[in-house]
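*Asks:* For reference, the chains in residue letters:
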Amino acid sequence: MSKPLDNRAWFLVLPVVALVAFSALIPVMTVVNYSVQDSFGNNEFFWNGTGWFKELLDPSTDLGGRFFDALWRTLLFSALCLLIEVPLGIGVALTLPRKGWGVAASLVLLALPLLIPWNVVGTIWQVFARRDIGLLGAAVNGLGIEYNYAQTPLAAWVTVVAMDVWHWTSLVVLLCYAGLRAIPDAYYQAAKVDGASSWAVFRAIQLPKMQRVLTIAILLRFMDSFMIYTEPFVVTGGGPGNATTFLSIDLVKIALGQFDLGKAAAMSIVYNLIVLTVCWVFFATTTRSQSEAVQ
Amino acid sequence: MSGAALAPAALAKTRAPAESGALRAAVPRLVLGLYILFLLVPIYWLVNMSLKTNLEINSGMTLWPQNPTLEHYRRIFTDASWYSGYINSLTYVALNTVISLAVALPAAYAFSRYRFLGDKHLFFWLLSNRMAPPAVFALPFFQLYSAVGLFDTPWAVALAHCLFNIPLAVWILEGFMSGVPREIDEMAAIDGWSFPAFFIRHFLPLVAGGVGVAAFFCFMFSWVELLLARTLTTVNAKPIVATMTRTVSAAGMDWGLLAAAGVLTIIPGAIVIWFVRNHIARGFALGRV
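Going down the list, the sequences are from chains B and U. Position one of the first sequence corresponds to residue 1049 (the numbering used here), numbered consecutively onward. Position one of the second sequence corresponds to residue 162 (the numbering used here), numbered consecutively onward.
What the hints contain is simulated information worked out from the structure, not anything from laboratory work. This list has only true hints and no planted wrong ones.
BS3-like, lysine-lysine: derived pairs with alpha carbons at most 25 Å apart:
1) B/K1102 x B/K1301
2) B/K1257 x B/K1147
3) U/K399 x B/K1301
4) B/K1240 x B/K1147
5) B/K1257 x B/K1240
6) B/K1051 x U/K281
I would like the entire structure built from these sequences, with the hints used as guidance.
*Replies:* Structure representation (structure tokens):
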């Protein structure tokens, strides 16, 4: 089933191209423009060539050191989120009922955190984890464990990761559940006849059927955790110290806080390229392995 | 003798699998219940806090409000600087959803039905905008929308959110449309339907679920976003999410009011989920299952 070739289809995509180009190309050009210039305020700009990029990519400079610290923190954060959310999401998806009134109820409750504004998610965890007024903070401290996310980096990290798990695992659950629902009952009956264990059913039937949705889940979770800004900003403000200053937070500090346009622009471009490259590599390798699996 | 001795043993043998089967059925429910509890406890804490007086919040830990009060909610609904935030937010979310769907529908149809020059590159370029960190765009958007005179209007936020909502809408709709057999298009052409008439009267009802899901996603990502919405507004179009952050930093910690405002931002989302609950699983797979 190959689609017919018809270049008139361009008329149908033209509105999208025009709108997205307006929203994407002009800002990108602005960013590229700033990234090669230096400004001393008053709208005076001086050509700086690749100066900002050299400084940014050299860890021994002030800017470079700051950039790489934030980059490792963000990568660690994304890795932790994926490592917890993907297995947990698969696990919870497997426990969801397949029919009955419980399905709709569970789905609605599961989806609830996804529709809460991100700064409200931050607020929820702030009031939940504070040691003076929060249930979690008071309970953990009551158990005799010193826990104060505003003071110790470890507590801040635990809070931020727990918040992300709370906020986004449901996305993985819903995607996996969609994949599981597409498995015909006959597969399970055949497995039952063969006397397959539930682990064998999972490995041979459920996991392969979830591969496509898992690809989408991992891509979305990587992108969004790597670009996270609002939630940790509300809860920890990037602190204590710089312990939870992720790339987005640092970038906004440089761009809108210090109005250091050249540095911020160079950082934006490198940041954006990292996301694009990781997504492209992941996408290319998974789709290749999938098409090989089909053959 | 031996038969009587065997009987209880056989009975025990048949009962054991039944019991372990019941146990096996109970474990998933327990896991699911615990997970949903983990999701709901923080939300309960927010609701709990919104119904307490600030005196009670600050004076000690209580698991439920001792003197429940609706004072915080009353303040939000009577103070224009608060309730206008909700109106502003809903305005740009609605604008964004309508714009995104209006332009994404024909584009998704083109991608699902035809090959054309540069289609794959175009598709990846569109999706790559979904991967751009909003932090990158905050400053250029501020300058762009100031330059065209849209700064501090709902239009600025609605158009800015199109950057990531249009690609997503195209992606979801393309998935749903590809599930509709092409013979339907051909039959309609043979029957003499013009393309716009066919598209609106016959094709759209077939992908109604997809349109609902795409609208849901546009609503969702526009409603939850803070960074761009805050950067592109100051006074007249200030969204509720920005009102919340600014009040926190300016007036100290009015926890009760903050919690009440937070609870009210959860409600529109909850209503929208209820409407799409039957399509949600397929929609989250972007129509590709």
